[in-house]
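Asker: Each chain is listed here by its residues.
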Amino acid sequence: ILNVEQSPQSLHVQEGDSTNFTCSFPSSNFYALHWYRWETAKSPEALFVMTLNGDEKKKGRISATLNTKEGYSYLYIKGSQPEDSATYLCARFNQAGTALIFGKGTTLSVSS
Amino acid sequence: NAGVTQTPKFRILKIGQSMTLQCAQDMNHNYMYWYRQDPGMGLKLIYYSVGAGITDKGEVPNGYNVSRSTTEDFPLRLELAAPSQTSVYFCASSYTGSGDTQYFGPGTRLTVL
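Going line by line, the protein sequences match chains A and B.
Position one of the first sequence corresponds to residue 1 (this note's numbering), numbered consecutively onward.
Position one of the second sequence corresponds to residue 1 (this note's numbering), numbered consecutively onward.
These aren't lab readings, by the way, just hints derived from the structure by calculation.
In this text the structure is predicted, and so the values were computed from the model without any measurement.
Among these hints, one or two may not hold up.
Result set (DSS-like, lysine-lysine): computed pairs, CA atoms no more than 27 Å apart in a straight line [claimed, not checked]:
{"#": "1", "chain 1": "A", "residue 1": "104", "chain 2": "B", "residue 2": "57"}
{"#": "2", "chain 1": "B", "residue 1": "44", "chain 2": "A", "residue 2": "42"}
{"#": "3", "chain 1": "B", "residue 1": "57", "chain 2": "A", "residue 2": "42"}
{"#": "4", "chain 1": "A", "residue 1": "42", "chain 2": "A", "residue 2": "57"}
{"#": "5", "chain 1": "B", "residue 1": "9", "chain 2": "A", "residue 2": "42"}
{"#": "6", "chain 1": "B", "residue 1": "44", "chain 2": "A", "residue 2": "69"}
Input sequences plus hints: build the corresponding full structure.
Answerer: Shown next, in the form of structure tokens:
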């Protein structure tokens, strides 16, 4: 089992603030890193799938970077809005490349 | 496409009862997964399947069984329900493995009393 660590566990920001979270993972036998957005009472929705060292992906105000050599990924949200309030999960694949191991998530709360 | 569907949405079981959580996908995905979500613990993989007739254990398989007789369906069976199995269960699917997005169903909230 590979441990995926996310920090901080929770975060509260004001509308308009920019913020970022960290996902750390063992760098050996890397296949891919996934980011998901999970709103309360809904199911997780995919944000990004990142596979290459140095990858940078963007979707609207949300972007992510990947460093597979040192084993971390950052998720950035620019100009946070109340609708960004959710738990953000990262996950990487097990050594066989067959199943995702999830972190516990970072819960973001954005106040207007 | 309906995507990934799960039934039931909610269920209360008594200790020792058995039940099957249904999961179906209409996206012709090869890979299917069962996760459970416990408060403060994130998602834990129970079982997964890489294709019809092929299943394998995840992190927390004890107390569960699965089968994959068709590409579309991946039911999860609880034989003797225990309070420790109170959780929210999510089914997911993807076309291929590591580099592919997983699509999640709406979840089944199970309580064992």
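Asker: Hint by hint, say whether it matches the structure.
Answerer: Each hint, compared with the structure:
Using a Cα cut-off of 27 Å, the hinted pair residue 104 of chain A and residue 57 of chain B holds, with the two alpha carbons roughly 20 Å apart. Between the alpha carbons of residue 44 of chain B and residue 42 of chain A the distance comes to roughly 17 Å, so the proposed pair stays at or under 27 Å and holds. Under the criterion of a C-alpha separation no larger than 27 Å, the hint pairing residue 57 of chain B with residue 42 of chain A is consistent with the structure, at around 25 Å. For the proposed pair residue 42 of chain A and residue 57 of chain A, the alpha carbon gap of about 24 Å is at most 27 Å, so the pair holds.
Taken as a hint, the residue 9 of chain B and residue 42 of chain A pair is honoured in the structure, with Cα atoms around 12 Å apart against an allowance of 27 Å. Under the criterion of a C-alpha separation no larger than 27 Å, the hint pairing residue 44 of chain B with residue 69 of chain A is consistent with the structure, at around 26 Å.
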